[in-house]
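Enquirer: With the hints as constraints, model all of the structure from the sequences given.
Here the protein sequences line up with chains A and B, keeping their order.
Just so you know, we're using this note's numbering here: the first sequence kicks off at 7 and counts up by one.
Just so you know, we're using this note's numbering here: the second sequence kicks off at 7 and counts up by one.
Since the list gives no way to pick one copy over another, a pair counts as held whenever it fits inside one copy or between any two copies.
Simulated pairs of lysine to aspartate or glutamate, DMTMM-like, Cα-Cα distance not exceeding 20 Å:
#1 167 <-> 144
#2 63 <-> 30
#3 208 <-> 219
#4 105 <-> 82
#5 167 <-> 83
#6 40 <-> 25
#7 105 <-> 86
#8 69 <-> 20
#9 45 <-> 25
#10 105 <-> 83
#11 208 <-> 104
#12 167 <-> 30
#13 167 <-> 219
#14 105 <-> 212
#15 204 <-> 104
#16 43 <-> 20
#17 167 <-> 131
#18 208 <-> 86
Simulated from the structure, these hints should not be mistaken for laboratory data.
Number of protein chains: 2
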Amino acid sequence: MKNSRQNTAAQILDSLKNDIISGEFLPMQKLHIKTLKEKYNVGTSPLREALSQLMAKDLVVSKNQRGFYVSDISIEDLTDIYQTRAKIESLCIEMSIDKGDDYWEANVIAASHRLNKYSKQEAIDIDEWQSRHGEFHEALVAGCMSPRLFQIRSSLIEKSKRYRSLWLRENVSDAATLSINQNEHAALMILALERDKKAVSKLIEEHIMTPVEIIKKSLSQL
Amino acid sequence: MKNSRQNTAAQILDSLKNDIISGEFLPMQKLHIKTLKEKYNVGTSPLREALSQLMAKDLVVSKNQRGFYVSDISIEDLTDIYQTRAKIESLCIEMSIDKGDDYWEANVIAASHRLNKYSKQEAIDIDEWQSRHGEFHEALVAGCMSPRLFQIRSSLIEKSKRYRSLWLRENVSDAATLSINQNEHAALMILALERDKKAVSKLIEEHIMTPVEIIKKSLSQL
DNA sequence: TATTTTAAAAATGTCGACATTTTGACATTA
DNA sequence: TAATGTCAAAATGTCGACATTTTTAAAATA
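Expert: This is how it looks when you write it as structure tokens:
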């Protein structure tokens with residue numbers, strides 16, 4: 007029963023990360039070693055190693071002799087995260103347009119179709135929609151071919167998801183209203199296929215910044 | 007003697023990181039726990055926590071039951087790192103140009119002057135020159151005002167320094183020849199002050215990519 | 001000789017224990 | 001009441017020990 011290809015820290019890392027991103031652990035919340043050990047059924051060392059990795063990713067902070075805490079959020083950080091994310095996404099797409107081949111185009115069209123069809127459905131499962139939405143944006147940037155830039159993109163998405171999760175907790179009902187702006191998605195696809203870098207850049211930055219004001223409001227009420 | 011404001015992991019983190027970036031620990035080199043414990047005078051847990059943080063920063067990798075290793079380098083990664091770094095730097099400067107005020111301008115001029123004066127000296131200490139060089143580029147991007155983007159920039163610089171360090175080890179003598187291209191620096195300053203985003207972007211990307219071919223050569227000989 | 005087997009040595013990852021520090025509850029003082 | 005002090009309870013960070021696994025080196029086999 008002691009076998010596994012991964013060590014214990016690696017095994018719990020994703021769960022722990024998700025529990026932070028999903029908002030199960032709230033910003034500034036203390037992460038008690040004892041509680042976490044019980045929750046994830048691990049010992050001190052692997053747990054602290056996992057927390058150390060999340061520290062390096064800015065999801066967790068530690069104060070000496072005072073333990074670990076979920077890192078704080080703020081309106082300034084919200085804005086900065088989304089703005090940076092917008093710039094990076096724009097960069098990725100521009101590079102995609104420069105380098106993307108027929109297969110990239112085809113995948114964009116396919117992903118757009120999947121998202122579009124689902125958006126027009128009657129009963130929309132928000133998880134499924136988010137999945138297709140994410141895949142469409144990923145298809146757009148997939149031509150960029152820079153592992154490091156993708157990595158940067160992913161880490162920013164992770165961080166922005168934290169804010170989105172917190173907002174979702176407060177507004178479960180009309181979650182779908184957040185960004186089911188199918189017109190923008192269609193426009194993004196068309197402009198990308200036309201290789202109109204300037205126009206795509208402008209539109210994608212606006213698209214990504216859309217939820218910021220809504221989340222800001224919900225955030226400032228806490 | 008047990009007092010300190012930081013915990014042990016945090017205390018050794020910078021040393022460990024620098025020893026990797028400076029190339030004292032070579033790519034793929036095994037990082038023996040026992041050896042490191044003796045070198046940094048720490049116990050197992052803090053050491054492993056520091057290594058965990060470096061794992062999250064892609065400077066270290068671990069294989070289960072086979073320990074930690076300095077992460078590998080490659081020509082593909084070299085290119086990707088520098089290209090990404092060039093794009094990010096360009097983005098930072100463009101934002102600086104959008105937002106920079108009189109103080110930003112003044113600091114750019116000052117940093118440029120310090121670098122320029124030193125570059126014309128007889129005996130150039132490479133460390134001092136690198137310091138002034140780094141400060142000049144930092145002054146250029148300082149107007150951007152995005153903590154997250156700065157963070158991304160820093161982590162890319164760290165990673166690119168690893169490649170530069172390895173190159174320096176092989177070519178200590180004419181190290182100064184690498185990038186003492188004072189004309190480009192002067193041009194960067196002038197274009198930035200003229201707020202010519204397009205021209206600065208183009209030049210900074212070229213400027214950053216300059217050493218890539220040289221390092222590539224030196225790397226492919228290993 | 002070259003390959004496989006075997007056993008000893010070394011190293012890793014995890015746990016529990018403990019010294020030190022922080023926290024929280026209660027009593028004391030102003 | 002509010003502020004300060006006291007002290008037990010709780011939590012943290014570090015260490016050493018140990019079960020497992022990997023590595024190394026020598027012996028056995030083909």
